[in-house]
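Number of protein chains: 2
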Amino acid sequence: MTTTATSKTTDEVQLRELIAEQRAAMEAKDMDRLMKLYIDDVVVFDVKPPLQLQGVAAYRQMWEACLPYMEGPYRLEVRDLQLTVGGEMAFAHWFLRLTGLDVGHPLPWLRNTAVYRKVGGTWRIVHEHVSVPFHPENGQAALSLEP
Amino acid sequence: MTTTATSKTTDEVQLRELIAEQRAAMEAKDMDRLMKLYIDDVVVFDVKPPLQLQGVAAYRQMWEACLPYMEGPYRLEVRDLQLTVGGEMAFAHWFLRLTGLDVGHPLPWLRNTAVYRKVGGTWRIVHEHVSVPFHPENGQAALSLEP
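Protein sequence lines correspond, in order, to chains A and B.
Take the first sequence: its letter number 59 is residue 59 in the working numbering, and every next letter is one higher.
One gets the working numbering by counting positions in the second sequence from 1 and adding 1000 to each.
To be clear, the hints were calculated from the coordinates, so they are not data collected in a lab.
Glycine included, every Cβ here is placed at the ideal spot set by N, Cα and C.
Check each hint, because a few of them may be wrong.
Derived pair list, reagent style BS3-like, types lysine-lysine, alpha-carbon separation capped at 25 Å [claimed, not checked]:
no. : chain 1 : residue 1 : chain 2 : residue 2
1   : A       : K118      : B       : K1118
2   : A       : K36       : A       : K118
3   : B       : K1118     : B       : K1048
4   : B       : K1029     : A       : K48
5   : B       : K1048     : B       : K1036
6   : B       : K1029     : B       : K1048
Taking beta-carbon pairs under 10 Å as the criterion, some of the chain A residues facing chain B (in silico) [claimed, not checked]:
no. : residue
7   : T9
8   : E71
9   : Y74
10  : P108
Please take these sequences and the hints and turn them into a complete structure.
This is the structure in structure tokens:
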């Protein structure tokens, strides 16, 4: 069922807490806190190469390689989050962008799809796909689109 | 549960049929056949702009705008399909590329994430996210990656 402001199941509340915790852990750059939210064999289609990251160790390695380029505090701005719960599985999608980093230009809006499963009573992230579209006519990523 | 060669539930069989039907409808360029597989309010994060397509009519319009550039027969090559079923919801991801089109260069491998729900006893596509990664250092889409 799709969440609404007036009717929220326990699963929906837990999933919104998971999404908020993921965002907080990313903003805190706390990798231990972040990686707890993923299953061990998560598959991530990330915004930059390679095509896929297989397993939470590979995902963590990607983050650790990025952190030196993310000096100082930053925030994740989120728009249009939609969450759907279906028993033992759920998914959500939203737009996000990093703000506050001193990179000299605005960072692009990204599309995020996340899939969740309940593992031992706890919702975990089993798959993520983060991307920007690209222009087929010139091979450039579409970095200035607004949601 | 993740599908294996030796243990397949009815849901898994139906979902694999849906995925095969989607591919066949795309290869046949049969939009009526293809659109039947999607819920009316599907949200698609497509490989090219805009950021999202909301609703099956918008998705169909995108396809119809593309078909004039897809003269002649083509095939969808698929690799590394993984399907997970969890009650009334399921998801799959795979790599795909178009082959056989006379465009003078190989087309890139795309990442595809699809989310399904059972609606009135029938599995339908409720969300898709298709993309290539991009190189943050130059803003170019990563068009030559191999799975």
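Between the alpha carbons of B:K1029 and A:K48, is the straight-line distance 25 Å or under? violated, 31 Å
Is the Cα-Cα distance between A:K36 and A:K118 25 Å or less? Satisfied, since the Cα-Cα distance of roughly 14 Å is no more than 25 Å.
Tell me if the interface restraint on A:T9 is satisfied: Cβ within less than 10 Å of some Cβ in chain B. The hint is violated - A:T9 has no Cβ within 10 Å of chain B, the shortest such distance being about 14 Å.
Does the alpha-carbon distance linking B:K1118 and B:K1048 stay inside the 25 Å limit? violated, 28 Å
Satisfaction of hint between B:K1118 and A:K118, Cα-Cα up to 25 Å: holds, 19 Å
Would the hint on A:Y74 be counted as holding, given a Cβ-Cβ threshold of 10 Å to chain B? violated, 15 Å
With 10 Å as the cut and Cβ atoms as the points, is A:E71 at the interface with chain B? Violated, because the Cβ-Cβ distance from A:E71 to chain B comes to roughly 16 Å (cut-off 10 Å).
Is the straight-line distance between the alpha-carbon of B:K1048 and that of B:K1036 25 Å or less? holds, 22 Å
Taking only the CA atoms, is the gap from B:K1029 to B:K1048 under or equal to 25 Å? holds, 19 Å
Status of the A:P108 interface restraint (C-beta, 10 Å, chain B): With a minimum Cβ separation of about 9 Å from chain B (threshold 10 Å), the hint on A:P108 holds.
Hint check: violations occur at hints 3, 4, 7, 8, 9; the rest are consistent with the structure.
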